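Q: Work the whole structure out from these sequences, hints included.
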Amino acid sequence: MKKNLKRNLVMVAVLLFVCAAVYLNWSYNSRQGEADAAMVKAEDMAMAAADEAYLQTLAEEEQLSEGNSAYFASARLTRQQSRDEALSLLETAAAGEGASQETIDSAMASITTMATWSLQEAQVENLLLAKDFDDCVVYMTGDAVTVAVPAPEEGLSAAAVARITDTVTSETDYTAGQLRIIEVREN
Numbered sequence: 015m016k017k018n019l020k021r022n023l024v025m026v027a028v029l030l031f032v033c034a035a036v037y038l039n040w041s042y043n044s045r046q047g048e049a050d051a052a053m054v055k056a057e058d059m060a061m062a063a064a065d066e067a068y069l070q071t072l073a074e075e076e077q078l079s080e081g082n083s084a085y086f087a088s089a090r091l092t093r094q095q096s097r098d099e100a101l102s103l104l105e106t107a108a109a110g111e112g113a114s115q116e117t118i119d120s121a122m123a124s125i126t127t128m129a130t131w132s133l134q135e136a137q138v139e140n141l142l143l144a145k146d147f148d149d150c151v152v153y154m155t156g157d158a159v160t161v162a163v164p165a166p167e168e169g170l171s172a173a174a175v176a177r178i179t180d181t182v183t184s185e186t187d188y189t190a191g192q193l194r195i196i197e198v199r200e201n
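Just add 14 to the spot in the sequence shown (first one is 1) and you have my numbering.
Don't read these hints as lab results, they were simulated from the structure.
Predicted model, so just to flag it, every value in this text is computed and none were measured.
Be aware that one or more of the hints could be misleading.
As the list claims (entries may be wrong) - Label pairs and their calculated CB-CB ranges:
#  : residue 1 : residue 2 : range
1  : A136      : S102      : 18 to 26 Å
2  : D119      : G169      : 40 to 48 Å
3  : D187      : I125      : 46 to 54 Å
4  : A109      : D146      : 40 to 48 Å
5  : P166      : T106      : 43 to 51 Å
6  : Q115      : D180      : 37 to 45 Å
7  : T130      : S171      : 28 to 36 Å
8  : E111      : S184      : 27 to 35 Å
9  : E105      : T179      : 30 to 38 Å
10 : G112      : S83       : 44 to 52 Å
11 : P166      : S114      : 47 to 55 Å
12 : R194      : A173      : 13 to 21 Å
13 : G112      : A172      : 28 to 36 Å
14 : A136      : E116      : 27 to 35 Å
The beta-carbon is built from N, C-alpha and C at its ideal position, and this holds for glycine as well.
A: Here it is in structure tokens:
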């Protein structure tokens, strides 16, 4: 009887500690307040501007008569510059004196997402190179992935498109519907 009472008292004490921890966690999170609306809007605008600038550069570069290797080098540089600019804005937002914890958490989540995209882009590019593409550039955003590859005058074959689609969908969380392939014509 004494053992059961002692065991029950220990269980009640543990249950009280768990309940107290849940309450304190809820209380702490509910006091964090709202995200700084101006900072969130600035983050969203910076990300959208960087994505738009990169995609526009890809489209413009596709039309230039430069060699393919120059195109791909330029596209990689533009991708890196747009990411660096977005990261700088996010780091500034997170380091701001008046930044709320939610703003800091949001900025850190965005930075983590961009790091993940960078790793996945490099991985997909390496796999496409291994699958007999001469060169390529992959660019990921929140809702789409763009792959630029060299293409002959007649365009990519169905088999080449299938290899790209299979690589992207198997290595990332993107679907075939979220994939945009840009054919860079050989000169």
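Q: Cβ-Cβ distance between P166 and T106: within 43 to 51 Å?
A: Hint holds: Cβ distance 45 Å, inside 43 to 51 Å.
Q: Do T130 and S171 keep their Cβ atoms within the hinted range of 28 to 36 Å?
A: At roughly 31 Å between Cβ atoms, S171 and T130 fall inside 28 to 36 Å, so the hint holds.
Q: Using the beta carbons of A136 and S102, state whether their distance is inside 18 to 26 Å or not.
A: 21 Å, holds
Q: Using the Cβ atoms, figure out if D187 sits within 46 to 54 Å of I125.
A: 19 Å, violated
Q: Could you see if the CB distance from E111 to S184 stays within 27 to 35 Å?
A: Violated, at about 45 Å.
Q: Does the Cβ pair A109, D146 satisfy 40 to 48 Å?
A: This hint holds: roughly 45 Å between Cβ atoms.
Q: Is it true that P166 and S114 lie within 47 to 55 Å of each other by Cβ?
A: Holds, since P166 and S114 (Cβ atoms, about 53 Å apart) stay within the stated range.
Q: Per the hint of 44 to 52 Å, is the separation of the Cβ atoms of G112 and S83 within bounds?
A: 47 Å, holds
Q: Does the Cβ-Cβ separation between E105 and T179 fall within 30 to 38 Å?
A: 35 Å, holds
Q: 27 to 35 Å was suggested as the range; check whether the CB atoms of A136 and E116 agree with it.
A: 31 Å, holds
Q: Please test the hint of 13 to 21 Å on the beta carbon pair from R194 and A173.
A: 19 Å, holds
Q: Does the Cβ-Cβ separation between D119 and G169 fall within 40 to 48 Å?
A: About 45 Å separates the Cβ atoms of D119 and G169, which means 40 to 48 Å holds.
Violated hints for the displayed structure, listed by number in ascending order: 3, 8 and 13.
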